[in-house]
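Asker: Residues per chain, in single letters:
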Amino acid sequence: MLGAVGIALVMSFFRWEGLTGTTEFIGLENYAHLLSEMRFWVSVKNTIIYLTVYNVLMILLAIGLALLLNSPLTKFRSFFRSIIFLPVTFSFVAIALTFSIIYHVDYGIINLILKSLNLPKVGWLIDPNLALYSLSFIRVWRNTGYYMIILIAGLQSIPEELYEAAKVDGADALRRTLYITFPLWRGMILVALVMSTIWSFQVFAEPWIMLKGGPADATLTTAIYIYQQAFGAWNFGLAGAAAVINAMIVSVVSALQFKFLRGSA
Amino acid sequence: MARTSIIYLILAIISVAIAFLPVYITFIGSFVSMGDLFTPVLIKHFLPSSLTLKNYVQLFYNTPYLRWLFNSTFIAVVYTILGLFLCSLAGYAFAVYNFKGKEVLFSILIFSVAIPEFVTIVPNFIIFSRLGLVNNYLSVILPFVAHPFGIFIARQYMQQIPVEILHSARIDGCPEFKIYYKIMLPLCRPALAALGVFLFIHAWNLYLYPLVLLQDPEMFTVQLGLAMLGTVLEYPQETVEYTGVLGGVTIAVIPIMIMFALMQREFIAGLTGRAVKG
Numbered sequence: 001m002l003g004a005v006g007i008a009l010v011m012s013f014f015r016w017e018g019l020t021g022t023t024e025f026i027g028l029e030n031y032a033h034l035l036s037e038m039r040f041w042v043s044v045k046n047t048i049i050y051l052t053v054y055n056v057l058m059i060l061l062a063i064g065l066a067l068l069l070n071s072p073l074t075k076f077r078s079f080f081r082s083i084i085f086l087p088v089t090f091s092f093v094a095i096a097l098t099f100s101i102i103y104h105v106d107y108g109i110i111n112l113i114l115k116s117l118n119l120p121k122v123g124w125l126i127d128p129n130l131a132l133y134s135l136s137f138i139r140v141w142r143n144t145g146y147y148m149i150i151l152i153a154g155l156q157s158i159p160e161e162l163y164e165a166a167k168v169d170g171a172d173a174l175r176r177t178l179y180i181t182f183p184l185w186r187g188m189i190l191v192a193l194v195m196s197t198i199w200s201f202q203v204f205a206e207p208w209i210m211l212k213g214g215p216a217d218a219t220l221t222t223a224i225y226i227y228q229q230a231f232g233a234w235n236f237g238l239a240g241a242a243a244v245i246n247a248m249i250v251s252v253v254s255a256l257q258f259k260f261l262r263g264s265a
Numbered sequence: 266m267a268r269t270s271i272i273y274l275i276l277a278i279i280s281v282a283i284a285f286l287p288v289y290i291t292f293i294g295s296f297v298s299m300g301d302l303f304t305p306v307l308i309k310h311f312l313p314s315s316l317t318l319k320n321y322v323q324l325f326y327n328t329p330y331l332r333w334l335f336n337s338t339f340i341a342v343v344y345t346i347l348g349l350f351l352c353s354l355a356g357y358a359f360a361v362y363n364f365k366g367k368e369v370l371f372s373i374l375i376f377s378v379a380i381p382e383f384v385t386i387v388p389n390f391i392i393f394s395r396l397g398l399v400n401n402y403l404s405v406i407l408p409f410v411a412h413p414f415g416i417f418i419a420r421q422y423m424q425q426i427p428v429e430i431l432h433s434a435r436i437d438g439c440p441e442f443k444i445y446y447k448i449m450l451p452l453c454r455p456a457l458a459a460l461g462v463f464l465f466i467h468a469w470n471l472y473l474y475p476l477v478l479l480q481d482p483e484m485f486t487v488q489l490g491l492a493m494l495g496t497v498l499e500y501p502q503e504t505v506e507y508t509g510v511l512g513g514v515t516i517a518v519i520p521i522m523i524m525f526a527l528m529q530r531e532f533i534a535g536l537t538g539r540a541v542k543g
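Chains V and X are the protein sequences, given in the same order. All letters in the first sequence, in the order written, are residues 1 to 265 by the working numbering. All letters in the second sequence, in the order written, are residues 266 to 543 by the working numbering.
The set of hints was computed from the structure by calculation and includes no laboratory data. Just so we're clear, the structure is a prediction, and the values are computed from it rather than from any experiment. All residues carry an ideal CB built from backbone N, CA and C; glycine is no exception. Please note that the accuracy of each hint is not assured.
Unchecked claim - Now the stretches of chain V that chain X is said to cover, found in silico as 3 or more residues with beta-carbon under 8 Å:
1) 8-21
2) 32-46
3) 62-73
4) 83-89
5) 95-108
6) 196-202
7) 240-251
As the list claims (entries may be wrong) - Just a few of them, taken from the derived set where beta-carbon distance is under 8 Å, the chain X residues facing chain V:
8) I279
9) N389
10) G495
Please build the complete structure, drawing on both the sequences and the hints.
Answerer: Now the structure itself:
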């Protein structure tokens with residue numbers, strides 16, 4: 001794995017045209033080219049919007065559901081948990097194919113329901129201003145259950161005695177949640193968030209299968225950009241440079257998350 | 266009282282209307298005709314007027330779906346077995362032995378979890394092309410087989426095993442590999458079960474790597490084949506309708522559902538409590 005990273009780094013300093021084309025050392029030219037190319041920046045911007053929307057929505061939902069479905073006051077907990085976990089069994093290819101029809105502008109169930117309520121139809125996938133968000137939502141749909149389960153396990157590792165002691169001291173439910181649950185839970189939430197950020201940064205299957213990065217590059221993600229540079233244009237050097245820049249962005253983003261969440265509260 | 270009913274309402278909406286509905290549409294959509302898939306009847310009452318197996322017949326007769334199923338199963342099984350062996354062996358080394366540079370190596374390992382697929386795909390494509398392994402199962406299995414996450418889980422679990430057991434075996438003259446194989450592995454069965462599920466699902470759901478490295482339609486995995494069938498542009502539409510594609514999705518999803526249902530407990534314990542505590 002690390003060898004492959006080394007090769008990617010080396011590649012990025014060469015004009016490297018496919019398997020049989022020329023390879024020639026050109027220094028930082030690939031990087032210079034990328035930094036001045038609009039499409040590259042569009043892909044970075046799209047990926048960051050996508051992962052911000054997805055991660056924020058997903059983690060808030062997962063936290064809420066974990067609190068609800070870990071509370072002994074809630075009945076049918078395991079039933080709800082299983083249903084919410086169900087989408088995790090779908091691969092990204094599977095959700096791309098399923099949501100292609102659910103989001104369909106004329107036949108999709110969402111627009112049919114809107115129509116029966118006499119509301120105008122929405123171009124979930126064909127509106128360039130909306131397509132990226134539509135894609136974020138389907139990953140929220142798929143992954144919330146997974147992180148909810150992880151967070152529930154985190155809740156269950158908090159010792160019961162702490163809550164008992166707080167109750168004796170007269171702390172109400174809200175305070176117990178704020179001052180016992182969250183401080184002890186934060187580490188787990190942090191791990192979940194960093195994991196989901198790293199994984200969502202690589203988003204490829206859904207935008208590629210559903211929209212090929214369109215409409216008008218609205219769902220062009222960095223993974224699609226690199227894929228197109230490497231296996232569409234056979235420009236391995238440029239793909240390598242784009243991969244290196246994006247790998248650096250991932251590291252910076254996860255480092256910032258660590259810092260931010262460790263520092264706060 | 267009012268508050269609890271609101272909570273149940275929210276839970277019911279999230280779980281049934283949001284989480285369950287798309288799954289239901291996929292499953293039921295694979296048993297109806299193309300016309301019925303989009304009828305208001307299905308939308309209003311969520312019950313189709315008639316069910317048919319035509320889509321599955323179409324899927325198996327007109328596409329190499331069976332072959333794709335075999336490819337995916339083969340890749341996932343070999344990957345799981347090899348992965349379990351390598352991850353547990355590496356985890357054993359990290360958990361039991363003290364060697365120079367162990368901490369550094371382990372940090373590198375943790376860091377490499379964060380390396381995205383799109384960084385390694387081009388270099389690996391070059392390597393496997395040079396080796397003549399494009400369109401070979403190995404090209405999809407080998408890059409992930411010593412999965413850093415797997416090594417991490419194996420190490421976390423093995424660290425909890427008391428060293429005394431290993432020491433006493435050593436005093437009895439048991440060779441090192443036999444200690445790993447005969448003592449450590451059986452003790453780690455719950456963690457290995459969880460890891461096995463994780464590895465199998467990872468291999469089953471791979472997409473980018475097969476897309477690049479398996480180019481012959483005969484070598485496609487289920488995911489790759491379905492993606493091709495679902496993308497109308499790339500495949501003649503007459504061979505299989507979208508309802509047939511939904512049938513393919515249903516078949517691809519069911520093994521994973523069964524696996525989660527059977528291994529729920531081990532999976533959750535293996536991937537959360539034990540993995541993160543340490």
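Asker: Next, verify each hint and record whether it holds.
Answerer: Status of each hint after checking the structure:
no., hint, verdict
1, 8-21, "holds (count 3)"
2, 32-46, "violated (count 0)"
3, 62-73, "holds (count 4)"
4, 83-89, "holds (count 7)"
5, 95-108, "holds (count 9)"
6, 196-202, "holds (count 3)"
7, 240-251, "holds (count 7)"
8, I279, "holds (7 Å)"
9, N389, "holds (5 Å)"
10, G495, "holds (4 Å)"
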